[in-house]
Each structure stands twice: as structure tokens, then as C-alpha cells.
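Engineer: Single-letter residue listing:
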Amino acid sequence: MGLVQRVVEASGIPTVSLSMIPDLTRAVGVPRLAGISYPMGRPLGRPHDADGQRAVLRGALDVLATARGPDAYVELPFVWPESPAQARNASKDLPPPPIVELLTRKPWLIAKLYTGRIPTEVQIADQQV
Amino acid sequence: MSIDSYRFLDFASRQVMKAWAARQKPGLIPFTPMTKPLAECTIALVSTAGVARNDDVPFDQDGERRDPWWGDPSFRVIPLGTTEREVRLYHMHIDPRFGEADLDVVLPMRRLTELSREGVVGGAAARHYSIMGYILEATVLLEETAPAIAEHMRHDGVDAAALVPA
Numbered sequence: 000m001g002l003v004q005r006v007v008e009a010s011g012i013p014t015v016s017l018s019m020i021p022d023l024t025r026a027v028g029v030p031r032l033a034g035i036s037y038p039m040g041r042p043l044g045r046p047h048d049a050d051g052q053r054a055v056l057r058g059a060l061d062v063l064a065t066a067r068g069p070d071a072y073v074e075l076p077f078v079w080p081e082s083p084a085q086a087r088n089a090s091k092d093l094p095p096p097p098i099v100e101l102l103t104r105k106p107w108l109i110a111k112l113y114t115g116r117i118p119t120e121v122q123i124a125d126q127q128v
Numbered sequence: 000m001s002i003d004s005y006r007f008l009d010f011a012s013r014q015v016m017k018a019w020a021a022r023q024k025p026g027l028i029p030f031t032p033m034t035k036p037l038a039e040c041t042i043a044l045v046s047t048a049g050v051a052r053n054d055d056v057p058f059d060q061d062g063e064r065r066d067p068w069w070g071d072p073s074f075r076v077i078p079l080g081t082t083e084r085e086v087r088l089y090h091m092h093i094d095p096r097f098g099e100a101d102l103d104v105v106l107p108m109r110r111l112t113e114l115s116r117e118g119v120v121g122g123a124a125a126r127h128y129s130i131m132g133y134i135l136e137a138t139v140l141l142e143e144t145a146p147a148i149a150e151h152m153r154h155d156g157v158d159a160a161a162l163v164p165a
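For the protein sequence lines, the chains are W and Y, in the order given.
Just so you know, the first sequence maps onto residues 0 to 128 in numbering that gives the first Met the number 0.
Just so you know, the second sequence maps onto residues 0 to 165 in numbering that gives the first Met the number 0.
Isolated chain W, as found in the complex (with noise of 0.2 Å):
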């Protein structure tokens, strides 16, 4: 998302991100960040919590006013109202994603996940032979 916001960004479109994981959209290096405590998957807050939602809005928006250069980052105040523990429980029930399951199965691969060294369509292929 923060690749995503410095092109647009350099295209001549002020922008600002909100994040979750402020600590990795910061380092990526963006103009304008607002960073809250929020799970991930509900970034605005709960469903059907319209003033919630506004407020938070509210505050990412707000940074574009405020910001004088880059890397301009304010944390928004909003506390999640249950614990992380909580907030994972209710997505219990679904599948992980693709790459959890490939990487359940061949946990040698992880390094490369945290490397970011991705394998090709080539040395898949030979993985699954």
C-alpha cells in the first residue's frame, strides 16, 4: 500500500495512508500516515459503527491538512474494544490463506518470505514435482 501511495503521490496527488502496521508502512517511507491500533481487515473500525467509522476517516484525512513534509505520521487515539486474542477468535473458522497452507506443508520455504527472495514460476513448478 505504501509503494502504492509514493507513485500516486509522485504523480502530483497529495496523499495520506492509514495503517494498521504503521511500523512497516513507515518504513517503506511514505508522505503521509496515520497509524492506528486496529486489527487487520476492519481498518475503519466495527460494521455498522457509522460515527466510529467518520471519526476515524476523520483523522486520516485531517493528516493531509496538517502535514508540511514527508513523512508526516499522527496516531490516531482510537482503542479497539477487544483484545487481540478476541479480535483473531471471530475469524477462527476460515481457511489460511494460500501461502500459510504452502508454507504449513514446506516450512523451509519461510525463508523466502522473509526475505522476499520470491521463487519463480520455474522453481515452483520443480517444487511440485
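It should be emphasised that the hints constitute simulated quantities derived from the structure, not laboratory data.
Quick caveat, the model's predicted, so the values are computed rather than measured.
One thing to keep in mind: the hints can contain errors.
As the list claims (entries may be wrong) - Okay, the calculated beta carbon distance ranges per label pair:
1. W:Tyr113 with Y:Arg84: 18 to 28 Å
2. Y:Gly62 with W:Ala49: 28 to 38 Å
3. Y:Thr138 with W:Asp70: 21 to 31 Å
4. Y:Gly118 with W:Tyr72: 23 to 33 Å
5. Y:Thr138 with W:Lys105: 16 to 26 Å
6. W:Pro95 with Y:Arg87: 17 to 27 Å
7. W:Asn88 with Y:Pro57: 22 to 32 Å
8. Y:Lys24 with W:Gly11: 31 to 41 Å
9. Y:Glu85 with W:Pro80: 28 to 38 Å
10. W:Trp107 with Y:Asp155: 39 to 49 Å
11. W:Tyr113 with Y:Pro36: 36 to 46 Å
12. W:Pro80 with Y:Asp9: 16 to 26 Å
Said to hold, decoys possible - Here are the simulated EDC-like cross-link-like pairs (lysine to aspartate or glutamate), alpha carbons at most 16 Å apart as the crow flies:
13. W:Lys105 with Y:Asp66
14. Y:Lys24 with W:Asp22
15. Y:Lys17 with Y:Asp3
Built from N, CA and C at the ideal position, the CB exists for glycine as well.
The hints should help you fit chain Y onto chain W, whose structure is shown.
Structural biologist: Below, chain Y alone, put in the same frame as chain W:
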């Protein structure tokens, strides 16, 4: 930084995200100054939840199942006024049910329209956008998708954009 970025992640995801953060080299960060007050700006939104309208081409989940290192790098246009009844979320690394119950959880077009009525922003753009958040190899995303989204925004007279992760 007082927010714990890794608080809601499981152990494995936490380790991977930390490793990714540690090897970023941001270099020069682009910055385009705002040329007018926020209250006069037309705003466009970009969601990384993999939102596609039911009358549009779905994001390629089968492609990712065949090659788990690959994520669909294309984008979808989501016209203002589109609701959760008209879309699906195709991102396989998040729980899609929250955004499918209430699209504003990931793509807050109704909230943006409300902020426009309140005078906080000038207006909501006619078109908003979605991409897939899981893209490990970002060449197509950065060389084709992101410039195309920016070109759409320019065409619509967008003054500023907000990107929403998923």
C-alpha cells in the same frame, strides 16, 4: 511511536512483518503539497481489501491458489454509491465478512460523503478504487496499476487521495 504495530497479529505474521520492515530502504520520499484547503478538496479512496463489484471481473483467487507467492496486481473501479450488496472482497489474507457486512469498514464512501456534507472535505470523487493487499512481487502493481489509478484520479479532478489498508 507508541502504537504497537504488531499487537493484533499472530506470531508468524508478526515475525514476517518485522522482517519486511527491517529491510525497507525508503530513499527519497515523494511529497506533493496541498494547493487548497481540505474543505475544498475532492477526495478519492483506495482500499487494499480486493473489493470488486459483482458485475465486474473478480480478483484472481485461483491464480493465487496455484501460485501462493503471487497476488493479483490489477485494480477495480468502485463507483461512489456502491454498497456491500453489490460487491465481494477477494483478499484471502483477511476476514472478508466485516467489509461484506458493511463496506465502509474497508472503503468508507458513505463516511466520506457525510464528511463532505459536514464541510470537512469539498467532495467525494465519482470513482474510488480497490487493489489486493497481498502482492509480494510489486512490479506490475507499481509500473501499471498505480499509474493507471493516478490517471483516473486526475481525469476526475481528484485533489487528494486516502489509502486504506485491509
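Engineer: For a quick check of understanding: which of the numbered hints are violated here, in increasing order?
Structural biologist: 1, 8
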